[in-house]
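Novice: Protein sequence lines correspond, in order, to chains R and W.
Residue numbering for the first sequence follows the working numbering, starting at 1 and increasing by one per position.
Residue numbering for the second sequence follows the working numbering, starting at 1 and increasing by one per position.
In case anyone wonders, no lab produced these hints; they're calculated from the structure.
The reader is advised that the hints may include incorrect statements.
One copy or two, either will do: identical chains are not told apart, so a pair holds if it fits within one copy or between any two.
[To be verified] The calculated lysine to any residue pairs, modelled on SDA-like cross-linking and capped at a C-alpha distance of 20 angstroms, are:
| # | residue 1 | residue 2 |
| --- | --- | --- |
| 1 | K345 | R159 |
| 2 | K298 | D323 |
| 3 | K76 | R211 |
| 4 | K314 | A157 |
| 5 | K259 | G134 |
| 6 | K345 | P382 |
| 7 | K259 | D29 |
| 8 | K314 | G385 |
| 9 | K314 | D98 |
| 10 | K345 | T162 |
| 11 | K278 | G147 |
| 12 | K76 | G385 |
| 13 | K102 | R349 |
| 14 | K76 | P382 |
| 15 | K314 | L341 |
| 16 | K368 | D261 |
| 17 | K259 | I209 |
| 18 | K76 | R383 |
| 19 | K368 | G385 |
| 20 | K314 | G185 |
| 21 | K76 | A365 |
| 22 | K259 | D112 |
| 23 | K298 | A322 |
| 24 | K298 | G336 |
2 protein chains.
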Amino acid sequence: MTNPDTAAATVRLADLETPCLILDADRMDRNIARLRRRLVSMGVSLRPHLKTAKSADVARRVMTSAAGPATVSTLKEAAYFAAAGVKDMIYAVGIAPDKLAKVQRLRQDGVDIAVVLDTVEQAEAVAAASRAAGHAIPALIEIDCDGHRSGVLPNDAHRLLTIGRALVQGGELRGVLTHAGASYGARTEQALVDAASQERCAVVQAAQILRDAGLPCPVVSLGSTPTAHFATDLSGVTEVRAGVFVFFDLVMMGIGVCKVDDIALSVLATVIGHQREKGWVLVDAGWMAMSQDRGTSKQPVSQGYGLVCDISGKPYADIILADANQEHGIVTVRPGSGATLPDLKIGDRVRILPNHACATGALHAGYKVVRGTSDVVEASWPRFGGW
Amino acid sequence: MTNPDTAAATVRLADLETPCLILDADRMDRNIARLRRRLVSMGVSLRPHLKTAKSADVARRVMTSAAGPATVSTLKEAAYFAAAGVKDMIYAVGIAPDKLAKVQRLRQDGVDIAVVLDTVEQAEAVAAASRAAGHAIPALIEIDCDGHRSGVLPNDAHRLLTIGRALVQGGELRGVLTHAGASYGARTEQALVDAASQERCAVVQAAQILRDAGLPCPVVSLGSTPTAHFATDLSGVTEVRAGVFVFFDLVMMGIGVCKVDDIALSVLATVIGHQREKGWVLVDAGWMAMSQDRGTSKQPVSQGYGLVCDISGKPYADIILADANQEHGIVTVRPGSGATLPDLKIGDRVRILPNHACATGALHAGYKVVRGTSDVVEASWPRFGGW
């Protein structure tokens, strides 16, 4: 610190252009260690979802090895992480037939990427593409454990077996996969434990149906950040997928999966105005920097567009980003809280915790990495987006 | 079309990777011509807001000259458009003092960029930076015409004059500026006419207060897409700013500013699944492709995350993107409409009109340009994002 060369090179939070995305790597490391410990003790492997971070630097830290396993939500993620050395991926969005050529190119490059499907049409397309290339594309059948999105009902043996039998006509039936997306709506610890149990039962039941019919099912994959942290039994499960746990966010805090000081991501913003008679402080982080995710608005405590902290990351009690335009945010006291607005002057800086780490991250080109309450920016890690 | 070389080079909508952003340039050209005609007839100039498009190709078409004038919402936009030859810009977000150095560098490069402010602290910072550089930075005082965000109340003569007098101690008082953001909540034509009138009265009143006190006020700037299209009197106004009019969107349609076939932007998506018993079609456009802007949810007709059209851009009656996850969208019949879900098969393509063009555009790296019902992609225009 006393070396003038080092001092000249040091970038601090106060030096950054705003708005920008701040990552507290201490919190991230703690979040990763917490889930890893938990899954090791339960004897299942972790296949982190890289859609939250979209960064090779974060991926390297969150994966259990440099080659994976990992989960991706786009084929651009797959290609990017393949170039970074990841060899074992599941593309966990239902496959469109015209994306199979890209999947095959990745596989030819030595990446074991599997696809996901829940219709016989997709299974036939995968089998046909596999036969045409003389190389089996592995696929997992998506199971609908809670009705929130896609997947085959776990007791729909007819549909499961029709898909499985269509797939093995050239393709490879790698296993079954589910995601308890409805767990984001849980409000109690018991509801989280129940969502995890329902998720496990669904995917294990589907695996059994396939195996009883003589079909292979080596992989039994489930996961969501809430259920990964509240499952009490993972017997029959081979791997857990989770994404947002690496950073956590206000929605996860509202569910009870993390505490406020586990949230590793924030947006640094600068005060640009006041409407004093209204109790408003204007900042240069609007929805373009925070996203329009209002996930906490359905929870008992709405955080508006984000929870406001001082520049060191310490939350102001009940101060939220109550409203947002494209590049303007309005900081106010949470209605009904009786809190006092801090004395924020033009040019002062705040950090704002996001409702949803995946959505907020997606709007930024990279992370400025700090550790704990230090204001020294240790690194800049690029992110990517798009398809 | 019969030339094999040309045929080989032709890219069609069916060839594109999904999701991606489609721009119908015929509709865009029509939207631009409509507002330009209107403002010419009213004798005011157009200073389009380039935050909607963030594209040099669109900017060139929407501006009245290659050098501007234009409005921007970030200094990254300012630098990008300056590099593309734009010489006359207003950075229409309250200036943070630590951004003045960047403004000064742009001005040294020959770009007449003005800043916006509404506090005496900002005015003093602009004046001080101007004196230090020996070059006056021009600033407009933001006027609060409808209480929706920032700005000085138009009848707050004390605050207006204090700011104006602080500014001219080295800086340049360029004029006054307002934005009728509350017009987005209008529900009737009369409410739009009234919002436009209120916007004009506020900014003209503030200009008069400054001039009566002997301060300069050459620019009187106002605008929003709704009020720009419904103002009946713009006397005393020198320029109109508007952004979303270039593309329009479902929020603007809900307000009554455009028709569905004026909306120039859509997201091309592929069918990836069904939940037939629920009447759901799954597509590969989730909120990452559409944004989480639910602007129509407060309007009489909610469009969910978007209105679904066939690949030619023709809307299906009452078929909406009712729900969305990161990379999954759920297409359904609008509740209560009694419409019939079209027979969309795995791999079929749809185009989805967005609630908010600015928010949806921000998630994509570029535009695939088509014209009318043609499926030929004429061009790819890059977009940029970030700060």
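Novice: Check K368 against G385 for me: Cα-Cα at most 20 angstroms, and say if that holds within a copy, between copies, both or neither.
Specialist: Both ways: K368 and G385 sit 17 angstroms apart in one copy and 17 angstroms across, limit 20 angstroms.
Novice: Reference check for the pair K314 and G385, CA-CA at most 20 angstroms: within, between, both, or neither?
Specialist: Answer is neither: 29 angstroms inside a copy and 29 angstroms across each miss the 20 angstroms cutoff.
Novice: My question is about K259 and I209: at a cut-off of 20 angstroms on alpha-carbon distance, are they close within one copy, between copies, both, or neither?
Specialist: neither (40 angstroms within a copy, 52 angstroms between copies)
Novice: Checking K345 and P382: alpha-carbon separation at most 20 angstroms within a copy, between copies, both or neither?
Specialist: neither (31 angstroms within a copy, 38 angstroms between copies)
Novice: Is the C-alpha distance from K76 to G385 at most 20 angstroms within one copy, between copies, in both cases, or in neither?
Specialist: Both, since 8 angstroms and 18 angstroms are each at most 20 angstroms.
Novice: Are the CA atoms of K76 and P382 at most 20 angstroms apart within a copy, between copies, both, or neither?
Specialist: both (15 angstroms within a copy, 17 angstroms between copies)
Novice: Under a CA distance limit of 20 angstroms, which applies to K298 and G336: within one copy, between copies, both, or neither?
Specialist: within (17 angstroms within a copy, 23 angstroms between copies)
Novice: Within a copy, between copies, both or neither: where do K298 and A322 come within 20 angstroms Cα-Cα?
Specialist: both (15 angstroms within a copy, 17 angstroms between copies)
Novice: Tell me, please, which holds for K76 and R211 at an alpha-carbon limit of 20 angstroms: within, between, both or neither?
Specialist: Answer is neither; intra-copy 33 angstroms and inter-copy 57 angstroms both fail.
Novice: Between copies, within a copy, both or neither: which fits K76 and A365 at Cα up to 20 angstroms?
Specialist: both (16 angstroms within a copy, 13 angstroms between copies)
Novice: Between the shortest in-copy and the shortest cross-copy C-alpha distance, which are at most 20 angstroms for K314 and A157: within, between, both, or neither?
Specialist: Answer is neither: 52 angstroms inside a copy and 39 angstroms across each miss the 20 angstroms cutoff.
Novice: From the Cα coordinates, with 20 angstroms as the cut-off, is the pair K76 and R383 best called within, between, both, or neither?
Specialist: Result: close both inside a copy and across copies, 12 angstroms intra and 18 angstroms inter.
Of the numbered hints given earlier, the model fails hints 3, 4, 5, 6, 8, 9, 17, 20, 22; all others are met.
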